[in-house]
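Please put together the full structure from these sequences, using the hints given.
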Amino acid sequence: MSESTHKFVREEVEERHHRSTMDRRLGLRPPHFSPFFNHSSRFFDDFEFDRFGLRPYWAEQTLQNSHRIGDGVDLVNNDKEYNVTVDVSQFAPEELKVNIVDNQLIIEGKHSEKEDKYGTVERFFVRKYTLPAGVRPENIKSELSKEGLLTVKYEKQPEEKPKSIPITIVPKPN
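When we follow numbering that gives the first Met the number 0, the leftmost residue of the sequence shown carries the number 0, and every step to the right adds one.
There may be inaccurate statements among the hints.
[Claimed, not checked] Pairwise CB distance ranges (calculated):
| id | residue 1 | residue 2 | range |
| --- | --- | --- | --- |
| 1 | L74 | V169 | 51 to 61 Å |
| 2 | E93 | K162 | 41 to 51 Å |
| 3 | G118 | L143 | 26 to 36 Å |
[Said to hold, decoys possible] Calculated lysine-lysine pairs in the DSS-like style (CA-CA distance at most 30 Å, straight line):
| id | residue 1 | residue 2 |
| --- | --- | --- |
| 4 | K152 | K127 |
| 5 | K145 | K79 |
| 6 | K155 | K96 |
| 7 | K160 | K140 |
| 8 | K140 | K79 |
| 9 | K79 | K127 |
Everything labelled a hint here was simulated from the structure, so no lab data went into it.
Glycine residues also receive a C-beta, built at the ideal position from the N, C-alpha and C atoms.
Here it is, written out as structure tokens:
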């Protein structure tokens, strides 16, 4: 390699090391604890948007957290609302599905089988929740935050109070 190529490669390595060190100091990336640590996030290092902190949430998964698929569930079921929030940060938006089948809310996430230098990996999860009585599927909404939290929500309609119907007395015919 020429001297200019060596210089370019050395500068690139130093710049990546500096960026990586600064990210760790700022708490953006955890330190390397393992030789298998977070290889998936290295994929985005060559893209310009990485330098501006615009990495997709699913690119920052560590080996320590990669087994926690569909974890981090929060369920709210009170008089006003029904909400389910699931941490799906290991999955890209197109790898997620939310369906309602037979009064059950079904949340699914699936990575297709991918090959890496250690073998092949495929991840998936399915979470099912029985919906409360009176929930209309067309009123359910789902949102995916940029942190990778999927929230499925339904605002409950106020229960109708019993309506008293007056009884009118019909006079007897003569």
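Results for each hint:
1. L74 with V169: 51 to 61 Å: holds, 53 Å
2. E93 with K162: 41 to 51 Å: holds, 48 Å
3. G118 with L143: 26 to 36 Å: Given about 29 Å between the Cβ atoms, the range holds.
4. K152 with K127: holds, 14 Å
5. K145 with K79: Satisfied, since the Cα-Cα distance of roughly 26 Å is no more than 30 Å.
6. K155 with K96: holds, 23 Å
7. K160 with K140: Since the Cα atoms of K160 and K140 sit roughly 26 Å apart, the hinted pair holds (cutoff 30 Å).
8. K140 with K79: holds, 15 Å
9. K79 with K127: holds, 21 Å
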